[in-house]
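Model the full assembly from the supplied sequences, consistent with the hints where possible.
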Amino acid sequence: MIEPGAMLGILGGGQLGRLFVMAAHSMGYRVTVLDPARDSPAGRVAERHLCADYLDFVALDELGSTCAGVTTEFENVPADALRYLSKFCLISPDADSVATAQDRVREKKFFTRHGFALAPYLVLDGQRPLIATIDPALFPGILKSSRFGYDGKGQVSVDSPGELRGALIHMNNGGCVLEKRVSLVREISVILARGRDQQTACYPVAENRHVNGILDVSIIPAEIEESIAAQACEIARQVAVQLDYVGILGIEFFLLDNNQLLINEMAPRPHNSGHFTLDACVTSQFEQQVRVLCGLPLGGAGLLRPAVMVNLLGDLWQGDSPPDWRLILDHPDAKLHLYGKQTARHGRKMGHFTVLADTLNAALAKALNIKQALTAVR
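Our numbering numbers the first residue of the sequence shown as 83 and each following residue consecutively.
Check each hint, because a few of them may be wrong.
[Unchecked claim] Just the calculated beta-carbon pair ranges, DEER-fashion:
#1 Asn443 with Asp412: 33 to 43 Å
#2 Glu316 with Leu266: 11 to 21 Å
#3 Pro202 with His428: 26 to 36 Å
#4 Asn294 with Pro86: 38 to 48 Å
No lab work stands behind these hints: they were computed from the structure. Just so it is clear, CB atoms sit at the ideal spot from N, CA and C, and this is done for glycine as well.
Next up, the structure:
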């Protein structure tokens, strides 16, 4: 067990890293952030900020030799950096898990190999001739890049086989997955914590609504049958077992009209849809991340009250002027979280707010009213 007072490390300086640092501080730990950005949200609140590339081995030597354990805040950290750091200190999650989750082709093959249900898909390599006969049942579909796709980036709709070649050119002829577009009832997600002792804690299932591929609203608990929620948590647990995963794992699902669950993708880190845990659960996903890294017992993941989380994007800013935060703060059951980013841009996640209430309908109505008020004064 890594005792409070120790120095922890994190690769990545975005908002997820910032929230990890704040959770670690509340538990008595110190944190070093390794991130190449000079003014990162996490780096500005941590004890130390190593401003270097993730494969800068001098910086990795410094991080590994001064930290008792190191974790990550996003999946595109080079897996080789984690392998190198594992020579010095505890690592969570491990390099192989991150390497699987950061490559969509490798991720799909992992899920298929272990029998997890997915939407029909085909792996394509734009550097090679197209397969002569592609199953027309895969259309309409979505062409997704194998690497570096998030928040709707790296994806192109493909309605027919005739559009595929142009879509591959648009993706720079890189490795891709063609995935059939399925008719779904809801998109849901599960946040699961798994410790080195193989104990797990599953948070309440969230229902997620997206706009332009970016998470807009999360509703907790998801309005689904209890048996479906239990099934989603069990699938997440099985994924973690098959990966031999240690850390916080986010898994997104498609729920079809026949109540079938299909895995969309996984994230080897805290997840945007799990931000409600900061205010609505006994233990936030970020405190849980600290607990797992340090070998502490997992905290309770139960829901205290129904909650709705709304993302705050840079679109709400008027130039350098932020929204009128009183539109949120005037409500005593609403909680505002800002990420300390200095520049607002279209589609950039600047913060979020969460509304708690005694009933889900009441939380959702108030959250949507606040969201509309923020949008109306842009």
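Here is how each hint holds up against the structure:
1. Distance hint check for Asn443 and Asp412: the Cβ-Cβ separation is about 21 Å, which falls outside the suggested range of 33 to 43 Å.
2. Between Glu316 and Leu266, the C-beta spacing of about 20 Å keeps the proposed range 11 to 21 Å intact.
3. Our hint of 26 to 36 Å for Pro202 and His428 holds, since their Cβ atoms are close to 33 Å apart.
4. Remark: the range hint 38 to 48 Å for Asn294 to Pro86 is upheld by a beta-carbon distance near 42 Å.
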